[in-house]
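The chain contents come next:
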Amino acid sequence: MAKRDRLSGNEAIAIALRQINPDVFPAFPITPSTEIPQYFASFVANGQVDTEFIPVESEHSSMSAAIGASAAGARSLTATSSCGLAYMWEELYIAASNRLPLALALVNRALSGPININCDHSDSMGARDAGWIQIYAENNQEAYDNMVQAYRISEHKDVRLPVMICQDGFITSHAVENMELLEDGEVKEFVGEYEPENYLLNPECPMAVGPYSITDYYMEAKRNQAEGMKHVEKVVLEVAEEFAGISGRKYGLFEAYRMEDAEYAVVMIGSAAGTTKDAVDQLREQGEKVGLLKIRLYRPFPAEAVAKALTGVKAVAVMDRAEGYTNHGGPLGADVMSALYRARSQALAVNYIYGLGGRDVRVEDMEGVFDVLKQIAADGDAGETYRYLGIRE
Amino acid sequence: MSYNFKETMSKPERLAPGHRMCAGCGGTIAVRNVLRGLHEGDKAVIGNATGCLEVSTFTYPYTAWEDSYIHNAFENAGATLSGVEGAYRVLKRKGKLDETYKFITFGGDGGTYDIGFQSLSGAMERNTDMVYVCYDNGAYMNTGIQRSSATPMYADTTTTPVGSASNGKPQNRKDLAAIIAAHDIPYVAQTTFIGNFKDLHVKSEKAIYTPGAAFLNIMAPCPRGWRYNTPDIMEICKLGVETCYWPLFEVVEGKWILNYEPKNKLPVEDFLKPQGRFKHLFKKGNEYLIEEFQREVDRRWEELKFRCSRG
Chain A
23 MAKRDRLSGN
33 EAIAIALRQI
43 NPDVFPAFPI
53 TPSTEIPQYF
63 ASFVANGQVD
73 TEFIPVESEH
83 SSMSAAIGAS
93 AAGARSLTAT
103 SSCGLAYMWE
113 ELYIAASNRL
123 PLALALVNRA
133 LSGPININCD
143 HSDSMGARDA
153 GWIQIYAENN
163 QEAYDNMVQA
173 YRISEHKDVR
183 LPVMICQDGF
193 ITSHAVENME
203 LLEDGEVKEF
213 VGEYEPENYL
223 LNPECPMAVG
233 PYSITDYYME
243 AKRNQAEGMK
253 HVEKVVLEVA
263 EEFAGISGRK
273 YGLFEAYRME
283 DAEYAVVMIG
293 SAAGTTKDAV
303 DQLREQGEKV
313 GLLKIRLYRP
323 FPAEAVAKAL
333 TGVKAVAVMD
343 RAEGYTNHGG
353 PLGADVMSAL
363 YRARSQALAV
373 NYIYGLGGRD
383 VRVEDMEGVF
393 DVLKQIAADG
403 DAGETYRYLG
413 IRE
Chain B
26 MSYNFKETMS
36 KPERLAPGHR
46 MCAGCGGTIA
56 VRNVLRGLHE
66 GDKAVIGNAT
76 GCLEVSTFTY
86 PYTAWEDSYI
96 HNAFENAGAT
106 LSGVEGAYRV
116 LKRKGKLDET
126 YKFITFGGDG
136 GTYDIGFQSL
146 SGAMERNTDM
156 VYVCYDNGAY
166 MNTGIQRSSA
176 TPMYADTTTT
186 PVGSASNGKP
196 QNRKDLAAII
206 AAHDIPYVAQ
216 TTFIGNFKDL
226 HVKSEKAIYT
236 PGAAFLNIMA
246 PCPRGWRYNT
256 PDIMEICKLG
266 VETCYWPLFE
276 VVEGKWILNY
286 EPKNKLPVED
296 FLKPQGRFKH
306 LFKKGNEYLI
316 EEFQREVDRR
326 WEELKFRCSR
336 G
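Line order of the protein sequences matches chains A and B.
FYI, the numbering for the first sequence is 23 to 415, going by this note's numbering.
FYI, the numbering for the second sequence is 26 to 336, going by this note's numbering.
Looking at chain A on its own, in the form it has when it is part of the complex (with noise of 0.2 Å):
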C-alpha cells in the first residue's frame, strides 16, 4: 500500500534507506548532500535501523571504510557531492576492482573552482570510467525509487560492482515533491537479506583482499570487472520489472518520452528532462514531431538500445551538464555519437553544455534548442557540433 508524501529528493534518500535499513554508513558532510547522513543519524538516534553510522573525518575515509564495511560482508554505503567524490576517486576504482557490491547516495554538483554548491554534473561524469554503475534521476520519485533498487542491481552474482545513484543538487535534492513511497516491509522483502559469497567475517574461511597484482594479473582482473559490467544492462531491467510488480512505476534503461515518430530529438541526463518534456509537449501541440531520451543508466552505456531508440530521428542534441574539455563536447556527447556511428545512423548530431555550475535551463532554451535542430536537418549539415546554451559569450 503506497504512501503519498511530500518530501525533498534528500529526505526521499534517507527514507529509502531507513526501509533498506543497511549494515554500515559511513559518511562526512558536503553540500547538497549533507541531509541524507543527518536524517538518517537522526534514524540511528531513534532506534528505527540497525545500522552503523561512521562519522568519519573526510570523504576520502567514508568511502575507505565503506570498502572496509562491505569486504568484511556488510552492506555498506556513503553519501556524497562534488569534492567530496573528487576525494575519494581513488577509492571508487577500488571499490570497482574489488568488486564490492556497496551503493554511493550521489547529489550531483559542480565541482571547482571556482567554488560553487550548485547542480552540473561534473562530479560523477568525472567518475563514469571507475568502474561504477551509474543511474540517474530526473525527480525525487525516481531518486527514491532508484536507491530502493540499488542493491538488488549491485548484489546481484552476475554484477557485484558498486553503484552510484545519482540525483541533481538542490533542483531535487531540497525541492519538495508530491510522491509516492512503497511500504516499510514492502522494501525490506524487495531489498532481501544480504548474503555474501566470500568475506573477510566469515569464520569459515579467512579471505584476503586488495592484493598487488602486477602485469602477470592486473588486466585480468581489469577484464573481469568488464565482465560484471556486461550483466548490468539485463540486471536493471530485471529489477525494474520486479520493482514495477510493486510499485506500478515502470523504468528501463532510458526513458523514451513522445519518441514514437519524432524526428528531432534531445538526450539528456537528469532533472532538466522534466524541463525538456514541458518544451515536447509544446512543440508536439504545435505539431511538430520532436521527442526526448531521458538516460537513467550511464554506466554501463546502452549503446546499442539508445541508438535504435533513436532510429528515424533526422537530428539529435546531445546535452551535457559536464565540460569534457576535448573540444568536441562532453561526455554523454561522445557517447551518443560513438553509439550512433556503430549503429551507421544517418542522424546529424550536435552535443550542447548547459546548465553548469547551476546555470539554469528554462522552457524556452528547450525549445531553441528544437529550433536548432530542425535548421540543421533543413540544411543538411550540422555546422558546429560542440555549442554552448545559456551562455554570456
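Calculated from the structure, these hints are not laboratory results.
Please note that a few of the clues may not be correct.
Straight-line Cα separation of at most 16 Å, EDC-like style, residue types lysine to aspartate or glutamate; simulated pairs [to be verified]:
| id | chain 1 | residue 1 | chain 2 | residue 2 |
| --- | --- | --- | --- | --- |
| 1 | B | K199 | B | E321 |
| 2 | A | K311 | A | D283 |
| 3 | B | K68 | A | E226 |
| 4 | A | K336 | A | E310 |
| 5 | B | K119 | A | D72 |
| 6 | B | K121 | A | E226 |
| 7 | B | K117 | A | D72 |
| 8 | B | K121 | A | E310 |
| 9 | B | K121 | A | E219 |
| 10 | B | K119 | A | E217 |
| 11 | A | K179 | A | E255 |
| 12 | B | K119 | A | E215 |
| 13 | B | K121 | A | D401 |
| 14 | B | K121 | A | E217 |
Listed next, with one range per pair, are the computed distances between beta-carbon atoms [what the hints assert, rightly or not]:
| id | chain 1 | residue 1 | chain 2 | residue 2 | range |
| --- | --- | --- | --- | --- | --- |
| 15 | A | A67 | B | T125 | 27 to 35 Å |
| 16 | B | R114 | A | E202 | 29 to 37 Å |
| 17 | A | P77 | B | G120 | 20 to 28 Å |
| 18 | A | E249 | B | R57 | 36 to 44 Å |
| 19 | B | G169 | A | E202 | 57 to 65 Å |
| 20 | B | K290 | A | Q60 | 53 to 61 Å |
| 21 | B | E150 | A | D27 | 33 to 41 Å |
| 22 | A | R366 | B | E150 | 54 to 62 Å |
| 23 | B | E150 | A | W111 | 19 to 27 Å |
| 24 | B | T168 | A | G135 | 57 to 65 Å |
| 25 | A | E249 | B | M259 | 32 to 40 Å |
| 26 | B | R118 | A | E260 | 51 to 59 Å |
Every residue, glycine too, gets a C-beta built ideally from N, C-alpha and C.
Dock chain B against chain A, hints included.
The following block gives chain B in isolation, referenced to the frame of chain A:
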C-alpha cells in the same frame, strides 16, 4: 595477563614464511611478534597500508596471512579497519556472527605519520576498537628511502641527501606516539625489539585486548635504509633504547608510564655510529651535529620523564 615466554613463542605463526620481505627486515619481525599477542582461538582481521609489507606479503595469487586481511590504499588503513570493525559490530548485533574477532592494522611510518595521518587520527578519535601498529623504520623505504616525518634529524635519505650544502634531513622527527596519546585513547605504547621480546609481546597483548582504540609505535630498523650490518638488528635496537633515542613507554588511560630507564644512559653516537645513514656525522668538523642531535634526545628524554613522573 601474566606473561609466559615459552607459551607466547610456541603459538603458531600467523604470518607464513615464503613472503618477499628482505632478510632481516624489522617490519616482518614486528608483525610476527605483534600477532603473538592474539589469544589462540581468537580470529583477526588484519589491515595494511600500502608499503613494503603489503606488496611483499600479498602478491596475487599468494598471501602469507593466515588471518583475514585487507589492503585498501596507502592513506586509509585507519578508516578501512573502522569499516571492518563497524561491520563486525552490526553482524554481532544481528546475531549473524558468534566468533570473536580482533582488528589490527599495520602501516609503515609513511602510511602512518604522513599520508595516513588524517585517517589514523579519525579512527583513534572515534575510539575504534582496533590496534594500529606503526612499524617505524624512519623513511619511505618501499619507494626507495625518501625522508618521512619519522626520519631523524641529519639522516641521509634520497630526498635529503648529504652534499656539500646539506647535512641530511634538516628537521626533527615527529613524536607520533605523543600525538596519538593526545587523542586520549585507552592505550598507547612505544616499543622495539629488546631482549626476548617481552616488552613487545606484553604491549601487543595489552593493545589487542584493551577495548577501544590502541596504538603501538614500534621502531623496526630497515637494513637497506639504515645501512647497518643486517645481523646487528638486535644490537641497533638495544642501542636505540640505551641511548634514550627510542624510550620504551606506555600511556594507559592517559597515565604515562616509563617502562625502562637505563642505569647508564649511553651517548647517542653509539646508536648513530653503526648506521651508514649517519656516516657523515662522524667526519671531522661535524662534531657539533652530533652534539645537536644529543641535545634533542636529552630534551625529549627529560620531557618524557617529566610526563611519566606526573603519572
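Okay, the hints, checked on the actual structure:
{"no.": "1", "hint": "B/K199 with B/E321", "result": "holds (12 Å)"}
{"no.": "2", "hint": "A/K311 with A/D283", "result": "holds (7 Å)"}
{"no.": "3", "hint": "B/K68 with A/E226", "result": "holds (11 Å)"}
{"no.": "4", "hint": "A/K336 with A/E310", "result": "holds (13 Å)"}
{"no.": "5", "hint": "B/K119 with A/D72", "result": "holds (8 Å)"}
{"no.": "6", "hint": "B/K121 with A/E226", "result": "holds (13 Å)"}
{"no.": "7", "hint": "B/K117 with A/D72", "result": "holds (11 Å)"}
{"no.": "8", "hint": "B/K121 with A/E310", "result": "violated (60 Å)"}
{"no.": "9", "hint": "B/K121 with A/E219", "result": "holds (14 Å)"}
{"no.": "10", "hint": "B/K119 with A/E217", "result": "holds (13 Å)"}
{"no.": "11", "hint": "A/K179 with A/E255", "result": "holds (14 Å)"}
{"no.": "12", "hint": "B/K119 with A/E215", "result": "holds (12 Å)"}
{"no.": "13", "hint": "B/K121 with A/D401", "result": "violated (67 Å)"}
{"no.": "14", "hint": "B/K121 with A/E217", "result": "holds (11 Å)"}
{"no.": "15", "hint": "A/A67 with B/T125: 27 to 35 Å", "result": "holds (28 Å)"}
{"no.": "16", "hint": "B/R114 with A/E202: 29 to 37 Å", "result": "holds (34 Å)"}
{"no.": "17", "hint": "A/P77 with B/G120: 20 to 28 Å", "result": "holds (26 Å)"}
{"no.": "18", "hint": "A/E249 with B/R57: 36 to 44 Å", "result": "holds (38 Å)"}
{"no.": "19", "hint": "B/G169 with A/E202: 57 to 65 Å", "result": "holds (60 Å)"}
{"no.": "20", "hint": "B/K290 with A/Q60: 53 to 61 Å", "result": "holds (55 Å)"}
{"no.": "21", "hint": "B/E150 with A/D27: 33 to 41 Å", "result": "holds (37 Å)"}
{"no.": "22", "hint": "A/R366 with B/E150: 54 to 62 Å", "result": "holds (59 Å)"}
{"no.": "23", "hint": "B/E150 with A/W111: 19 to 27 Å", "result": "holds (25 Å)"}
{"no.": "24", "hint": "B/T168 with A/G135: 57 to 65 Å", "result": "violated (31 Å)"}
{"no.": "25", "hint": "A/E249 with B/M259: 32 to 40 Å", "result": "violated (51 Å)"}
{"no.": "26", "hint": "B/R118 with A/E260: 51 to 59 Å", "result": "violated (32 Å)"}
When each numbered hint is compared with the structure, violations occur for hints 8, 13, 24, 25, 26.
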